[in-house]
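Protein chains in written order, with our numbering: chain A, 1 to 239; chain B, 1 to 110.
Treat the hints loosely; a few may be bogus.
Unchecked claim - Below 30 Å or equal to it, Euclidean Cα-Cα: the simulated DSSO-like pairs (lysine-lysine) are:
1) Lys-200/A / Lys-16/A
2) Lys-131/A / Lys-70/B
3) Lys-104/A / Lys-70/B
4) Lys-124/A / Lys-16/A
5) Lys-104/A / Lys-16/A
6) Lys-200/A / Lys-74/B
7) Lys-104/A / Lys-74/B
8) Lys-16/A / Lys-131/A
9) Lys-16/A / Lys-102/A
Honestly, the hints are just simulated from the structure, not real lab data.
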Amino acid sequence: MSDAVLSHGAHAPASKRLQHHFDTMAQQKEAVTLGMWVFLVTEIMFFGGMFAAYLLYRMWYYDGFVAASRELDLVLGGINTVVLIGSSLTVALSVHAAQTGKQKQIVNYLVLTGILGLVFLVIKYFEYSSKFDLHAAHHGASMIRLFPGAGIFDVTGDLAPIASEMRIFMIIYFAMTGMHAVHMIIGIGILAVILWMARKGEFTPQWYAPVEIFGLYWHFVDIVWIFLFPLLYLVNRHG
Amino acid sequence: MDAHAHHRDLGHDHVTPLSAYFGIFGALMALTAITVGVAWVDLGSLNILVALGVAIVKATLVVLYFMHLKYSSKLTWIVVGAGVFWLFILLAMLMGDYATRGWMPTPPIV
C-alpha cells in the first residue's frame with residue numbers, strides 16, 4: 001500500500017512524514033487518532049470522579065449547593081462558555097484550513113484560539129480573585145487561605161445553618177474549575193508549539209496530525225466546561 | 001466502502017464543510033441559551049436532568065462534528081463508547097448505592 005502512496009505524484013511529500021512502522025498515511029493517522037482518544041478516555045475517568053463527587057454531595061447538601069451556586073457570577077460564567085465554544089470553532093476551522101492546505105488560515109485560526117483561551121483564563125482569574133477577596137474580608141488578610149471556599153460566606157446571616165454545605169460546594173467548584181483551568185494552561189502551551197510548526201509551514205493536507213490531535217484535546221477541555229457550566233452556575237436560579 | 005477505503009489510503013480525510021462547523025457552533029450557542037433559560041424555571045428534580053440532557057447533546061455534537069468521530073473508524077467508536085460506558089458504571093453504581101442505603105435495616109451489632 002505504501003507503493004500506492006509513493007507512486008502517486010501529488011502525495012510524494014507525504015512519504016517523509018510516514019513513520020517506517022506504518023504502511024500508509026491513513027493507517028498512521030488512524031493509530032495517532034486512536035492513541036489520542038485512549039488518552040482522552042483516561043481524562044474522562046479523571047474528571048468523572050470529580051463529577052461523581054459533585055452529584056453525590058449535591059443530593060446530600062442541595063440547599064447549600066443552591067445558595068452557594070447563586071454566589072457565582074452567572075454573567076462571567078456565561079461569557080466564558082461562549083468564549084470557550086468559540087475557541088472550539090476556531091480550532092475546528094484551523095484543522096479545516098490544514099486539511100485544505102490554507103497555510104495562512106491555519107496560523108490565524110490558531111492565534112485566535114490562543115487569544116480566546118487567554119480571555120477565558122483572565123475572566124476566570126477575576127472570578128477567583130473576587131472570591132478570594134471575600135474570603136480575606138471575612139478572615140483578615142493574615143489568614144492562611146488553604147481552601148479559598150472555606151470562609152467566603154457570612155455564617156451569622158440567614159445562611160448560617162447551611163454555611164458548611166456551601167463550603168463543600170465552593171471546594172468542589174475550585175477543584176473542578178481549577179483542574180479545568182490547568183488543562184487550559186497546558187492546552188495553550190501545546191498550542192504554542194503547534195503554532196510554531198504551522199508558521200514554518202510544516203502542515204500539508206496529507207499530514208496535519210498535530211493540528212488534529214491538538215484539536216481533539218482542546219475540544220475535550222471544552223466539553224468538560226460544557227458540563228461544568230450548568231452544574232456549577234445553574235444549580236437552581238429560580239425562586 | 002472500497003472506494004472510500006481507497007480514498008483514505010491515499011491520505012485524504014473527510015473534510016467537513018465549513019457550513020457544518022458554523023451550523024454546529026450556532027446549535028451549541030442556542031443550547032447554551034436554553035440551558036441558562038431553563039435554570040430559571042422551577043421543574044423540581046427535573047432541572048438537573050434537563051441541564052445534563054442539554055449538556056450531553058452539546059457534548060455529542062462536539063464529539064461527532066468538531067472531533068470528527070462521525071467520520072472515524074469503528075475501532076475509535078468502540079474506544080470512545082467504552083470510555084463513556086465506564087463513566088456510566090461509575091455514576092450508576094455510586095447513585096445506586098446511595099439510593100438503596102435505607103432499604104435494609106442496619107444489622108444489630110452482636
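Each hint, compared with the structure:
Restraint check for Lys-200/A and Lys-16/A: satisfied, since their Cα atoms lie roughly 16 Å apart, inside the 30 Å limit. For the hint pairing Lys-131/A with Lys-70/B, the CA-to-CA distance comes to about 41 Å; that exceeds 30 Å, so the pair is violated. Restraint check for Lys-104/A and Lys-70/B: satisfied, since their Cα atoms lie roughly 27 Å apart, inside the 30 Å limit. A C-alpha spacing of about 43 Å is found between Lys-124/A and Lys-16/A, which places the hinted pair above 30 Å, so the restraint is violated.
For the hint pairing Lys-104/A with Lys-16/A, the CA-to-CA distance comes to about 23 Å; that is within 30 Å, so the pair holds. A C-alpha spacing of about 34 Å is found between Lys-200/A and Lys-74/B, which places the hinted pair above 30 Å, so the restraint is violated. Straight-line distance between C-alpha atoms of Lys-104/A and Lys-74/B comes to about 33 Å, which puts the hinted pair past the 30 Å bound. About 53 Å separates the Cα atoms of Lys-16/A and Lys-131/A, which puts this hinted pair outside 30 Å; it is violated.
The hinted pair formed by Lys-16/A and Lys-102/A meets the criterion: a straight-line CA distance of about 20 Å does not exceed 30 Å.
Of the numbered hints listed earlier, those contradicted by the structure are 2, 4, 6, 7 and 8.
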